[in-house]
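Peer 1: The lines below spell out each chain.
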Amino acid sequence: MSTNWRMVGYVFLGGALGTMLRYLISDLISLNIDYPSGELIALTVVNLTGAYLLGLAAKLPFFQSFFCRNFWAAGFAGGFTTMSALTLFIDSQGLSGEIGAMMLMGVVAYGTGYRQGRLAAKKAQV
Amino acid sequence: MSFDPITLLLLIGLAGGLGSVIRVYITRWEGAVPFGVILTNTIAAGFVGYIYSGNLTEAYLLIAAIGFAGGLSTFSGIAKAGFDFWHTGRIAQILISLAANIVVPLLALSLVMFWF
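If you read the sequences in order, they're chains L and W.
Plus 21 on top of the position in the first sequence (first one is 1) and you've got my numbering.
Residue 100 in my numbering sits at position 112 of the second sequence, with consecutive numbering throughout.
No wet-lab data here; the hints were simulated from the structure.
Owing to the predicted nature of the structure, the values given are computational and were not obtained by experimental measurement.
Check the hints yourself; a few may be wrong.
[Said to hold, decoys possible] Label pairs and their computed distance ranges (CB to CB):
(1) W:18 / L:52: 34 to 44 Å
(2) L:52 / W:43: 23 to 33 Å
(3) L:25 / W:49: 47 to 57 Å
(4) W:87 / L:52: 44 to 54 Å
(5) W:23 / L:57: 41 to 51 Å
(6) L:49 / W:41: 24 to 34 Å
(7) L:49 / W:20: 34 to 44 Å
(8) W:76 / L:48: 18 to 28 Å
(9) W:47 / L:140: 38 to 48 Å
(10) L:30 / W:41: 28 to 38 Å
(11) L:56 / W:43: 13 to 23 Å
(12) L:141 / W:20: 48 to 58 Å
Heads up, the beta-carbon is just placed ideally off N, CA and C, and yes, glycines get one too.
My request is simple: use the sequences and hints to build the entire structure.
Peer 2: Listed below in structure tokens is the structure:
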């Protein structure tokens, strides 16, 4: 199997940027709001934004280049969102309705981005 | 040993980039439910369980948990898989993949924390 090093590099840079931004955002929120609700708010903000961005990247013409597909979609939107922190949160705080709502809202956020991107792509074609 | 904030941030980014590259290769495995996404989230959760039951210092814990495991696990991939099933009208598969992405990583985390 040949490795596409250009793709690996873009994904690495995008993932690094997304991870650093997620750390900063969750740090900023947890400085102002105490642990259980602050962590949940930070996870919701980060995950829904990342899902929306990935949906936007699916069809929006701006994101269709090789660089943008790997840097913004696979790297940034993937590294920005997290499931391991959510799993840890569920393990310590228990499964609640908010978590289930977040999972469903993630699909909705992705769908919203997807539709907006497709609409913009259609407008650009005409 | 602790780092100054900028070095810590850069090390978290380095670990996150590494996790992201591994994730992109694993999530190519798709099927009736997004097996690759479930697998990366499970590996990340197991890794978090393993490092939290060890005795790492705060800085290394942040780098490994927020950086590597956070970059390796993905939420947007779950949303993408769920929406793709929505397109083809497969409601049951949406619910199964959402539930599996919570239950399987949680099981891995609990088992790893129980064993180590």
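Peer 1: Are the hints correct? Go through all of them and say.
Peer 2: Here is what the structure says about each hint:
1. At about 39 Å, the beta-carbon gap between residue 18 of chain W and residue 52 of chain L stays in the expected band of 34 to 44 Å.
2. Under the hint 23 to 33 Å, the C-beta atoms of residue 52 of chain L and residue 43 of chain W, about 26 Å apart, fit the expected range.
3. Restraint check, residue 25 of chain L to residue 49 of chain W: a C-beta distance of roughly 33 Å breaks the suggested window 47 to 57 Å.
4. Under the hint 44 to 54 Å, the C-beta atoms of residue 87 of chain W and residue 52 of chain L, about 33 Å apart, miss the expected range.
5. At about 32 Å, the CB distance of residue 23 of chain W to residue 57 of chain L disagrees with the hint of 41 to 51 Å.
6. At roughly 28 Å, the beta-carbon separation of residue 49 of chain L and residue 41 of chain W lies within the given 24 to 34 Å, and the hint holds.
7. Checking the proposed 34 to 44 Å range against residue 49 of chain L and residue 20 of chain W shows it holds: the Cβ atoms sit about 40 Å from each other.
8. Evaluation of the 18 to 28 Å hint for residue 76 of chain W and residue 48 of chain L yields a failure: the beta carbon distance comes to about 40 Å.
9. The hinted window of 38 to 48 Å between residue 47 of chain W and residue 140 of chain L holds, with their beta carbons roughly 45 Å apart.
10. Checked against the hint of 28 to 38 Å, the pair residue 30 of chain L and residue 41 of chain W passes, with Cβ atoms roughly 34 Å apart.
11. A hinted range of 13 to 23 Å for the beta carbons of residue 56 of chain L and residue 43 of chain W is consistent with their spacing of about 22 Å.
12. Taking the beta carbon of each, residue 141 of chain L and residue 20 of chain W are about 32 Å apart, not inside 48 to 58 Å as hinted.
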